[in-house]
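The hints should help you fit chain B with the ligands onto chain A, whose structure is shown.
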Amino acid sequence: MKIVVCIKQVPATGADKRYTADLRLDRTGVEAIINPLDEYAIEQALRLADAGTADSVTYLCMGPDQASEALRRALAMGGDDAVLITDAALAGADEWTTAKVLAAALDKLAPDVALMGMASDDARGSLVPGAVAAMRDVPLLSYGSELALADGEARVRRLSATGFDWIAAPLPVVATVTDQVGEPRYASLKGIMAAKRKPLETWSLGDLELSADDLHGAALTTVTDTRAPEEKPPTERIENVPAPEAAAKIADWLEQRKLI
Amino acid sequence: MSNDILFLAEFSAGKPARSAIELATGAADLAAQSGGSAVALAYGSGAASGGAALGAHGAARAVVLGDEDRPAITYAPAAVAAARDAGLAVLAPATPNGRDLAAALVGSLDLPAFGPVRAARVVDGVLESEQATLQGSVITTARPADGAPTPSVVLVLANTFTPAEGGSGTAEVAQAPDAGESALSRATVAESHEADAKVVNLEEATVIVAGGRGVGGEEGFAPLRELAEALGGAVGASRAAADAGWIPYQLQIGQTGKVVKPSLYVGAGISGAIQHRVGMQTAEHVIAINRDPDAPIGEFADLFVVGDLFEIVPALTEEIRRRKATSGG
Ligand SMILES: Cc1cc2nc3c(=O)[nH]c(=O)nc-3n(C[C@H](O)[C@H](O)[C@H](O)COP(=O)(O)OP(=O)(O)OC[C@H]3O[C@@H](n4cnc5c(N)ncnc54)[C@H](O)[C@@H]3O)c2cc1C
Ligand SMILES: Nc1ncnc2c1ncn2[C@@H]1O[C@H](COP(=O)(O)O)[C@@H](O)[C@H]1O
Chain A
1 MKIVVCIKQV PATGADKRYT ADLRLDRTGV EAIINPLDEY AIEQALRLAD AGTADSVTYL
61 CMGPDQASEA LRRALAMGGD DAVLITDAAL AGADEWTTAK VLAAALDKLA PDVALMGMAS
121 DDARGSLVPG AVAAMRDVPL LSYGSELALA DGEARVRRLS ATGFDWIAAP LPVVATVTDQ
181 VGEPRYASLK GIMAAKRKPL ETWSLGDLEL SADDLHGAAL TTVTDTRAPE EKPPTERIEN
241 VPAPEAAAKI ADWLEQRKLI
Chain B
1 MSNDILFLAE FSAGKPARSA IELATGAADL AAQSGGSAVA LAYGSGAASG GAALGAHGAA
61 RAVVLGDEDR PAITYAPAAV AAARDAGLAV LAPATPNGRD LAAALVGSLD LPAFGPVRAA
121 RVVDGVLESE QATLQGSVIT TARPADGAPT PSVVLVLANT FTPAEGGSGT AEVAQAPDAG
181 ESALSRATVA ESHEADAKVV NLEEATVIVA GGRGVGGEEG FAPLRELAEA LGGAVGASRA
241 AADAGWIPYQ LQIGQTGKVV KPSLYVGAGI SGAIQHRVGM QTAEHVIAIN RDPDAPIGEF
301 ADLFVVGDLF EIVPALTEEI RRRKATSGG
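In the order they appear, the protein sequences are chains A and B. Counted from 1, the first sequence has number 136 at position 136 by the working numbering; the numbering is strictly sequential. Counted from 1, the second sequence has number 51 at position 51 by the working numbering; the numbering is strictly sequential.
None of these hints come from the bench; they were simulated from the model. Wrong hints could be hidden among the right ones.
Computed, partial: chain B to chain A, Cβ under 8 Å [unchecked claim]:
#, residue
1, 86
2, 114
3, 182
4, 219
5, 301
Residues of chain A placed beyond 12 Å of chain B at every Cβ, according to the derived structure [what the hints assert, rightly or not]:
#, residue
6, 13
7, 189
8, 209
30 Å max Cα-Cα, derived DSS-like pairs, lysine-lysine [claimed, not checked]:
#, chain 1, residue 1, chain 2, residue 2
9, B, 324, A, 249
10, B, 324, B, 198
11, A, 108, A, 198
12, A, 2, A, 198
13, A, 196, A, 2
14, B, 324, A, 258
Fair warning: this is a prediction, and the values are worked out from it, not measured in the lab. All residues carry an ideal CB built from backbone N, CA and C; glycine is no exception.
Bound-form chain A, shown alone (with noise of 0.2 Å):
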């Protein structure tokens, strides 16, 4: 059984983001990291790898030179390789345009299972993985909080609206899976030795048969416009006030609003 792990290289949470003039992200002196989610999918293909489920562990990720970083450092968590594509022509790529990406790579690569974190951290749309299990036409499992594999069939755990399902499909499939997986492992000193050995890829869109016309430009979604968002009026606080005291403020202040 062969995995191939989607991983996004975005900003550190938190950090301190801009946009550059040209209406994109500025990524200029943000320290990078394996985007948070994705290191729960690590975590669940390694395990699966533990067990002897799956024979094999593949890192897959689009992105500018800098996020073999991204790739290193999952190989050092464990797995055996990894491929990055990166092309100057995907700069400012969309979630469409990187659903084509991965799909064309995925295609390649011919997993059993394309494994996804549920979001990423900066686009925040959860549509990649969708998108591509709709252009390769194949199953989608999402937002699992376990994936199993056996008999040809991938099935994840999900929440439904009062308890939670086992969703089943025959391989192969996209999954997803959330941070209800398992706490991501860390990167041994001898994981980190290891990973330097590992092979890695580069690829270009040329290596995918695809080129700048088949992904519209970069983009089918353009940034017109960024400004600040409306000033919101400074906190008020209430402290050092007696219980009682401070529940007749919060409840004149919930009157003004009349929110009671």
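Here is chain B with the ligands on its own, set in the frame of chain A:
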């Protein structure tokens, strides 16, 4: 292509989800701007008889994708057939099911994707949307690139549109066009496990009282429940409280929980980590109760009450009950 505004209308147990009603209102509003009609893509049990409910909130037509309770993604082929070359935009709720179907539309029909949006409008015949990015520090306006295919796929957060009351129309109901074979319809529910206690759908709550690690345990949620009841709201939680098993995961708010947009959010014993914040920062009013005067939630709450939640929450419940009683409500 037409100027119609389509929207995904989820049904379960015979009724439309609140998102379906909200999006009917939003789609009708946008359709009035574009000169088209609001068209529901209805799925789930009750969808076939949902014409009246959807029409009452602004839908002119309802295309029924299917009327069974099965994984939402299996309705993707029908949604794709119905959305092909149809209209300016498809609105989808920014829920797990809504995102799965929206993604399938984007991938199957090569469509531009937007959102989750905080506002949308039609400008010169094009759907333009506003999105809060970078943890809410920047508002971006986006539109389809020149020559991009239609419809645009737009994720919409709960409570973005307020359901219009008292509409009288009934949506004309039609079956979805033939969908053809697709692997996306192959997902099935292999096992279903119901919890003992019923949990509310937090996305539909207009008042939420949320508890975090500071609540200290399962029993610590009791005073929060009383406050929620006094305010006519529901109880939610941080991941720390859900991870600890004090409350079901269905009630977790945040990046990996529910994204909520109530008119009032009260957070007690919650520090305000970024992953929690992205799930509640669009609440209209935010009150935080925390004994740490430097808790991060104090930096973005509208009202920050510094103190012990076990003193303040019960006192507030009592005060609200007292005022409600004296105002003769
Ligand atoms: C990938 C990822 C996804 C995540 N997704 C989510 C998510 O969806 N939702 C989410 O909530 N978190 C999420 N987290 C976790 C998040 O980072 C925080 O760890 C979590 O939100 C902390 O929960 P908390 O505020 O309840 O606990 P803490 O941060 O421990 O805060 C507890 C607070 O309670 C206060 N307190 C203690 N006792 C009292 C008292 N008696 N009275 C008043 N105040 C008191 C303390 O001062 C403190 O501020 C995620 C993390 C990761 C890495
Ligand atoms: N550039 C990328 N390279 C590899 N995987 C990606 C990329 N963008 C998104 N993904 C995968 O798709 C998931 C959802 O991303 P998104 O749709 O952007 O929220 C992520 O958690 C990743 O697993």
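How the hints compare with the structure:
Checking residue 86 (chain B) against chain A by beta carbon gives a least distance of about 17 Å; that is not within 8 Å, so the hint is violated. For residue 114 (chain B), the shortest C-beta to C-beta distance to chain A is roughly 6 Å, which falls under 8 Å, so the interface hint holds. With its C-beta approaching chain A no nearer than about 6 Å, residue 182 (chain B) sits inside the 8 Å limit, and its interface hint holds. Because the closest C-beta pair between residue 219 (chain B) and chain A is about 19 Å apart, greater than 8 Å, the hint is violated.
Contact between residue 301 (chain B) and chain A, as hinted, is supported at the beta carbon level, the nearest pair being about 6 Å apart and thus within 8 Å. With a minimum CB-CB distance of about 6 Å to chain B, residue 13 (chain A) fails to clear the 12 Å threshold, and the non-interface call is violated. The claim that residue 189 (chain A) lies off the interface holds: its Cβ sits roughly 29 Å from the closest Cβ of chain B, which is beyond the 12 Å cut-off. The beta carbon of residue 209 (chain A) is kept farther than 12 Å from every beta carbon of chain B, the shortest such distance being approximately 17 Å.
Between residue 324 (chain B) and residue 249 (chain A) the CA atoms are separated by roughly 15 Å; this keeps the pair inside 30 Å, and the hint holds. A hinted pair counts as satisfied when its Cα atoms are at most 30 Å apart, and residue 324 (chain B) with residue 198 (chain B) qualifies at roughly 28 Å. Between residue 108 (chain A) and residue 198 (chain A) the alpha-carbon distance is near 20 Å, which keeps this suggested pair within the 30 Å criterion. With a C-alpha separation of about 17 Å, the suggested pairing of residue 2 (chain A) with residue 198 (chain A) holds against the 30 Å cut-off.
With a C-alpha separation of about 22 Å, the suggested pair residue 196 (chain A) and residue 2 (chain A) falls inside the 30 Å cut-off, and the hint holds. At roughly 12 Å between alpha-carbon atoms, residue 324 (chain B) and residue 258 (chain A) fall within 30 Å of each other, so this suggested pair holds.
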